Amino acid sequence: MGLAAGGAAEQRQWPPLNNDGVHDPASPAVKLLQDPAEALSKLPPDTTGNQVRWVEALEKGSINPRTNVFPETKVTVLDLDVFLSLRGGMPIVRFPHRQHTEWLDCANCHEHLFKSKAGANKFSMFQILQGEQCGVCHGAVAFPLTECNRCHSVPHAGFDHSRQTGKQD
Amino acid sequence: MRPPVLLLTTLLGILLALSGAPAGAEYGDVVLNKRAEKEGVRPVVFPHWFHRIRFRCKVCHNELEFKMRAGANDVLMADILDGKFCGMCHNGRIAWGPENCDLCHSGKPGLPTGILGGHGTSGPGRW
Chain A
1 MGLAAGGAAE QRQWPPLNND GVHDPASPAV KLLQDPAEAL SKLPPDTTGN QVRWVEALEK
61 GSINPRTNVF PETKVTVLDL DVFLSLRGGM PIVRFPHRQH TEWLDCANCH EHLFKSKAGA
121 NKFSMFQILQ GEQCGVCHGA VAFPLTECNR CHSVPHAGFD HSRQTGKQD
Chain B
1 MRPPVLLLTT LLGILLALSG APAGAEYGDV VLNKRAEKEG VRPVVFPHWF HRIRFRCKVC
61 HNELEFKMRA GANDVLMADI LDGKFCGMCH NGRIAWGPEN CDLCHSGKPG LPTGILGGHG
121 TSGPGRW
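Read top to bottom, the protein sequences are chains A and B. When you line the first sequence up against our numbering, it's residues 1 to 169, in that order. When you line the second sequence up against our numbering, it's residues 1 to 127, in that order.
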């Protein structure tokens, strides 16, 4: 604790396990398990969620989590952006497969949460806020749904609509 | 129609207070208590933050077949002892073995199964 460098990082605080309202202070575990502050204070800072930019942590090499435990598992990363919400009032959504597939396998989302076929999915912020679709992770373990512009990140003005759908491999 | 709105807000507040959602939980902490307390041990606290530093989501949610919904997985100690679910790593070789009951069964008594919120959030839309 207290080893983090950088201004923003030093503002971050994580409740210790013995006072987080989840762990039983009487449990022997609170003396043995790592406190979040010890690990998370060393990672790229964010203002919400775990207060860690997890994708950045991976890309910078701050962490190097294992991709598989079975040697035979095929590890897939797909570098393909999908643009969504082209006609909404909010900026266009850019969904980057690469950052998602660094963490997740294709089968975590396809085909039960999202069809692979471009244009085949009907997205709904109502559903997402209910913990469905993107909301299975965003709002639970990935950055929360208060971070509108991290997904709605592409201005309508000047957007090349030929970049949209039907270009998957 | 002001009074009903006020009433609903108050009821929601009371419900939230009664739900006992721990304010200091780390984002993504999962409580497993479908069976734990009935079996006489503390609820399990699973911290996503600790595990994702070491393993990508795909390891547990694809290779080990944990469904991505709190409460959707029937994790039995018998399976863990057989090397399934947590037991793939918690076997005394990759991580501590299942004889260290207290290290996982470390939650406050009475916590319901679910995934918790954390900094700046009140948790996911559906628990």
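Some clues are possibly wrong.
What the hints assert, rightly or not - Below, computed lysine-lysine pairings styled on PhoX-like, alpha-carbon distance capped at 20 Å: (1) B/Lys-38 / A/Lys-115; (2) B/Lys-108 / A/Lys-31; (3) B/Lys-67 / B/Lys-84; (4) B/Lys-38 / B/Lys-108.
Claimed, not checked - Stretch-level coverage of chain A by chain B, calculated; a stretch enters the list once three of its residues show a Cβ under 8 Å from a Cβ in chain B: (5) 46-54; (6) 59-71; (7) 85-99; (8) 116-122; (9) 127-136; (10) 146-154.
What the hints assert, rightly or not - Partial list, computed: chain A residues near chain B (C-beta under 7 Å): (11) Pro-15; (12) Val-141; (13) Ala-157; (14) Gly-158.
I should point out that these hints are in silico values taken from the structure, not numbers from a laboratory. This structure is a prediction, so every number in the text was calculated from the model and none was measured. Glycine included, each C-beta is placed from N, C-alpha and C at the ideal position.
> If you look at each residue in the stretch 85-99 of chain A, do at least three have a Cβ nearer than 8 Å to any Cβ of chain B?
Replying inline: violated (count 0)
> Mind checking, does the stretch 146-154 of chain A have 3 or more residues with a CB under 8 Å from chain B?
Replying inline: Answer violated; 1 residues pass the 8 Å Cβ test.
> Given A/Val-141 was flagged as interface, is its beta-carbon under 7 Å from a beta-carbon of chain B?
Replying inline: At about 4 Å, which falls below the 7 Å cut-off, the nearest Cβ of chain B leaves the hint on A/Val-141 intact, so it holds.
>> Holds or violated: B/Lys-108 and A/Lys-31, Cα atoms, limit 20 Å.
In response: holds, 15 Å
>> Count the residues of the stretch 116-122 of chain A whose Cβ falls closer than 8 Å to any Cβ of chain B, and tell me whether that reaches three.
In response: Since three or more residues must qualify, the claim that chain B covers the stretch 116-122 of chain A is violated, with 0 doing so at under 8 Å.
> Hey, B/Lys-67 versus B/Lys-84, does the alpha-carbon distance stay inside 20 Å?
Replying inline: holds, 14 Å
> Hint check: is the beta carbon of A/Gly-158 less than 7 Å from a beta carbon of chain B?
Replying inline: Not OK, violated: A/Gly-158 not within 7 Å of chain B, min 32 Å.
> With a Cβ-Cβ cutoff of 8 Å, does the stretch 59-71 of chain A contain at least three residues near chain B?
Replying inline: Holds: 7 residues of the stretch 59-71 of chain A have a Cβ under 8 Å from chain B.
> Has the given pair, B/Lys-38 with A/Lys-115, been kept, meaning a C-alpha gap of at most 20 Å?
Replying inline: With a Cα-Cα distance of about 40 Å, the restraint between B/Lys-38 and A/Lys-115 is violated, given a limit of 20 Å.
>> Using C-beta distances, would you say chain B covers the stretch 127-136 of chain A, given that this needs three or more residues below 8 Å?
In response: Coverage by chain B holds here, the residue count being 7 at a Cβ distance below 8 Å.
> Taking 7 Å as the limit, does the beta-carbon of A/Pro-15 come near enough to a beta-carbon in chain B?
Replying inline: Where the cut-off is 7 Å and the nearest Cβ of chain B is about 4 Å from A/Pro-15, the hint holds.
> Against chain B, is A/Ala-157 within 7 Å by beta-carbon distance?
Replying inline: violated, 31 Å
Figure legend: structure checked against the earlier numbered hints; hints not met, in rising order: 1, 7, 8, 10, 13 and 14.
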